[in-house]
Amino acid sequence: MTLAPMTFASMTFALALEIVLAAVVLTGAVWAIAARGTLPAVAGFVAYGLLLSLVWVRLGAPDVALTEAAIGSGLTGALLVGAAARLRLSEVPMAVERPGVILRVLAAVLSVTVAAALAASVLLLPDPAPTLAPAAAENAAATSLGNPVTNVLMAFRAMDTLLEKIVLLLALIGVWSLAPDRFWGGRPGPRHHADPYGVLAFVARVLPPVGIIVGIYILWTSADNPGGAFQGGTILAAMWLLVMMAGLADAPPVSERRLRLLLLVGPVVFLIVGLGGLAFGDAFLAYPMAYAKALILVIEFAMILTIAVTLGLLIAGPPERELGS
Amino acid sequence: MNAATVFGLCAAVAVGLGLYGVITNPQPLRKILAFNLIGSGVFTFFGVVARRGAAAGFGGDPIPQALVITGIVVAFSATALALALLLRLFQASGSATLRADAPPSAGSDPTTP
Amino acid sequence: MSFVLDIVTITAVSAGAFFFLAGTVGLLRFPDTLTRLHALTKADNLGLGLMVLGLLPHAGSLRDGIKLICVWLIVLLAGATVSQLIGYVARREGSRP
Chain A
1 MTLAPMTFAS MTFALALEIV LAAVVLTGAV WAIAARGTLP AVAGFVAYGL
51 LLSLVWVRLG APDVALTEAA IGSGLTGALL VGAAARLRLS EVPMAVERPG
101 VILRVLAAVL SVTVAAALAA SVLLLPDPAP TLAPAAAENA AATSLGNPVT
151 NVLMAFRAMD TLLEKIVLLL ALIGVWSLAP DRFWGGRPGP RHHADPYGVL
201 AFVARVLPPV GIIVGIYILW TSADNPGGAF QGGTILAAMW LLVMMAGLAD
251 APPVSERRLR LLLLVGPVVF LIVGLGGLAF GDAFLAYPMA YAKALILVIE
301 FAMILTIAVT LGLLIAGPPE RELGS
Chain B
1001 MNAATVFGLC AAVAVGLGLY GVITNPQPLR KILAFNLIGS GVFTFFGVVA
1051 RRGAAAGFGG DPIPQALVIT GIVVAFSATA LALALLLRLF QASGSATLRA
1101 DAPPSAGSDP TTP
Chain C
2001 MSFVLDIVTI TAVSAGAFFF LAGTVGLLRF PDTLTRLHAL TKADNLGLGL
2051 MVLGLLPHAG SLRDGIKLIC VWLIVLLAGA TVSQLIGYVA RREGSRP
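Chains as they are written, first to last, in our numbering: chain A, 1 to 325; chain B, 1001 to 1113; chain C, 2001 to 2097.
This is chain A alone, in the form it adopts within the complex:
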């Protein structure tokens, strides 16, 4: 396949903008890999992720753009910054471990080969492209939701979403199990103390009401507009983390019953509706058409609670204080 030489006139303005965006995204990626210190590398990664959300918007996927900005670069960046801060004292002895020139050359050859193979497959993608969009559009009447991605997530591929919730829970159990024995069941993270008259405490009082409304709105509007339970749940989790970090509320002990009920309510409601579909309908997770939208709403509200609590606890980390302290 040959690439015809592009004349400047044949490039539309939007395409030029997209090439610039791709170049800036790659600059962020190079910075994340090549920066000397860990914190600059993490900063580069967060910038890369946020610019990648713009790429998702240009690719016509606003739901994914929201998810990438919130979870892909926001929460992941928070995790990485926290870990980098804790590991700062181990950095100096590690700097002498850089691999030799031969390994780096081989790694570069391998990376270039993989990148070239992927680039070739991009350029050789079949034309006209195969797509499931017509099938999604035909069956959209089954749930009367306007947002096709929500339709796919909650109706056509609801099994994937259910398993995803369970994967989140498993990751959380994995993180909890890494606590030393004497901390099991205790509170995650250190007790944060911020000046109660300071800036952080002020923001932690002002922002959460707004954040909670925005988070629930993003869930509510995901029926017909871009949004979703994961994006809204991330905002709720962020508000909770802000309140904890400002010292206005302490992290709950991980053995607390109410916390564990909140963690379970999402998958359990999902599972009950699914089994109800098996008992009263055609198959597991089959929604009767008359109640489809209502059932999906019930599942999503249970989901957003679990997602918010799970994501917050994943960032808070394993328990670091004894139960009863």
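Since the hints were made in silico from the structure, they are not lab data. All figures in this text were calculated on a predicted structure; none of them were measured in a lab. Every residue gets a Cβ at the ideal spot worked out from N, C-alpha and C, and that includes glycine. Where hints are given, some of them may not hold.
Chain C is faced by these chain A residues, among others (derived, beta-carbon under 8 Å) [what the hints assert, rightly or not]:
(1) Val199
(2) Val203
(3) Leu207
Starting from the known structure of chain A, arrange chains B and C on it as the hints suggest.
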């Protein structure tokens, strides 16, 4: 040459960069970061395929987009678990390195079980 | 009328972009943390405000316009908070021998 192709090539370069970072960076934290770079490159590739599948009045094929949303959440939970493992390794052995014989460093607490 | 709105949008967004550029130049060229914070917060907040002002004529409805202004206010709040926190830590660490 359209938007999807440009971002597809960008995704390919991101995967290559991430692979280089995973292999050559000695610190596990940087490896996890580079691994996330590979993951986001692969997701962008999905996005390119979704964009090319625009039909029936949608701007893009919604099935790959839903798969990517699931993928981003799962990648985040994997990163959280990996970082928790790394911090526990640092706490328990005194150094956050994958070599077996490294000396402990200043900020660790090797006495915790 | 829409021509005038377009001129307003282009002017305001370009001015906003110029302020962002100025803030970034300040970030790269100023010597220490506090001066860089100063450049970032002042220039970037003003740049974002000008861009929001420029996008308002094309917002489509009153609700969308209010959403844009709320975005600007929340970024203002977040930027002010974070820069205060960073400045506090920078001053505390800078005063250590």
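Here is how each hint holds up against the structure:
no.: 1; hint: Val199; verdict: holds, 5 Å
no.: 2; hint: Val203; verdict: holds, 5 Å
no.: 3; hint: Leu207; verdict: holds, 7 Å
Hint compliance for this structure: no hint is broken.
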